[in-house]
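Chains A and B are the protein sequences, given in the same order.
Per my numbering, residue 976 is the first one in the first sequence, and the count goes up by one each step.
Per my numbering, residue 7 is the first one in the second sequence, and the count goes up by one each step.
Source of the hints: derived by calculation from the structure; they are not laboratory data.
Be aware that a few hints might be false.
Computed cross-link-like contacts, EDC-like style, restricted to lysine to aspartate or glutamate with a CA-CA straight-line distance of at most 20 Å [to be verified]:
#1 A/1056 <-> A/1018
#2 B/273 <-> B/232
#3 B/177 <-> A/1018
#4 B/218 <-> B/276
#5 A/1014 <-> B/196
#6 B/303 <-> B/180
#7 A/1014 <-> B/222
#8 A/1106 <-> A/1018
#9 B/282 <-> B/326
Examples of chain A residues toward chain B, derived with CB under 7 Å [unchecked claim]:
#10 990
#11 991
#12 992
#13 996
#14 1069
#15 1088
Using C-beta positions, here's what the derived DEER-type ranges look like [stated by the list, open to error]:
#16 A/1059 <-> B/296: 43 to 49 Å
#17 B/269 <-> A/1031: 40 to 46 Å
#18 B/147 <-> A/1024: 53 to 59 Å
#19 A/998 <-> B/296: 33 to 39 Å
#20 B/147 <-> A/1057: 52 to 58 Å
#21 B/269 <-> A/1107: 55 to 61 Å
#22 B/181 <-> A/1090: 40 to 46 Å
#23 B/141 <-> A/1055: 56 to 62 Å
#24 A/1057 <-> B/297: 45 to 51 Å
#25 B/297 <-> A/998: 34 to 40 Å
#26 A/1093 <-> B/175: 42 to 48 Å
#27 A/1058 <-> B/158: 46 to 52 Å
Since this is a predicted model, take the numbers as computed values, not measurements.
Using N, Cα and C, we set each Cβ at its ideal position, and we do this for glycine too.
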Amino acid sequence: MLNQSKLNIVIADDEAPARNRLRDLLGDIDNTHVLAEAKNGRELLELINLTQNETTSADIVLLDIRMPEMDGIEAAQHLQKLPKPPAIIFTTAYDNYAIQAFDMSAVDYLLKPIRLERLQTALQKARAYTKST
Amino acid sequence: MRKTSRLPNLRNLGVALRILIIANSALILGALILSDSMESFTHQLTGISTFAQPTLLVCLFLLYGCYHLLVSMSYRNAIVFIFILITLGTAIVHGFFSQFWIFSDLPSFTRIVVYAWLMSAIVLYYFNLHHRAYSPAVTEARLQALQARIRPHFLFNSLNAVLSLIRDQPKQAETALEDMADLFRVLMAENRELVPIAQEIALCRQYLALEKLRLDERLNVEWLIDDVPPDVLIPPLLLQPLIENAVYHGIEPLIGGGRITVQVYTKQNEVHLILKNPYTAQSKHHNGNNMALKNIKERLTLHFDLEASLKCKQINNTYEVHITLPNHTKKINAQSI
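Could you put the whole structure together from the sequences, leaning on the hints where they help?
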């Protein structure tokens, strides 16, 4: 992973321990930076909208599916309408959302608890995706 | 409560109620056959009832009184003894009425006794069939099939929460894993015997501690336990799946969280369990909820028959589940199993 630019990541999950866990894991991976955290879909959209025009905009969103107020699926639909959408990686505890998630053309789909290696692979995929767009 | 004896529990309210219904249906049917108009039907029915109802009640009372004796006998002997009791009951009522009978001709004792025997045979046959349908083997199999299953969603989210604690708060992670171990030990056990209510409440507290880890200040729980004897027996995993539903449907969809209230109290010979949680229109996927409720209802019926009930209602923004159980403690349980 040499010579790679820093990936700006936003974590969206309603559960604090789940956000902490992702933050811990990302701390173990080089060239990643947690830009911000959101507690639900609506908060995430506000965050992304705020950072859209700044130099450090989000490259990747780690998006939980079951959240109050606005769930991950709905948030992903909105994100895709943006001129420069971030890569979406869904994170969920149970896989009954997989098909719906694939419809959202997500880069990857991670099952909680997430392994470090699995998260690394997903980030690689996302890096390739952000380069291609 | 499940019994090994083929006799129905003659001290159970549900059983007595069924006997009354069967006997009275037969009376109505008899009156219908004997009459040709509505007027003569009511006349016939009152005629028969004047004698039949007291006989029925006296016989039920005798059976209630001799139930312990009956249970200790073999089924065949118990049947013979029941017929003797019925004869005795009929004789008592007949003897009593023969002194004061003013309506019309007093029916002959033989006729009434034959009727009473016939009725008893029908009732006993019904309970024999009922017993076969709900025999311990069948009941056990059904209880096993009805074992509560925890949501995989909860398992994986909790494991994830524990993982997040390991680096910074290893002590808390230890407690959480211990709680999980206890919870899953119960969930994976063959939960067919009744357990003391204190045990179920302790389990629920452990479960809620795990949920609290994930949901933090979003989850508030209020326990209102009014001097309930801790050894009251309830089916295992009666409360936990309900609380799990309350968390999943009531708390998780709310951004600011909410409060779950668990109320337990005894009233006369009943134990009441009331669970309240916020109701949100968003949580439309109530299928899982209905499954759990149906499961609990069926388990209550298998354990307590008509003596237990489960009711749900939604008042404004609150969803309420109300369970009523007979107040059984260990002593009674030991006798009837």
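Which of the numbered hints above does this structure break?
Per hint list: 3, 4, 5, 6, 8, 17, 22, 24, 26, 27 violated.
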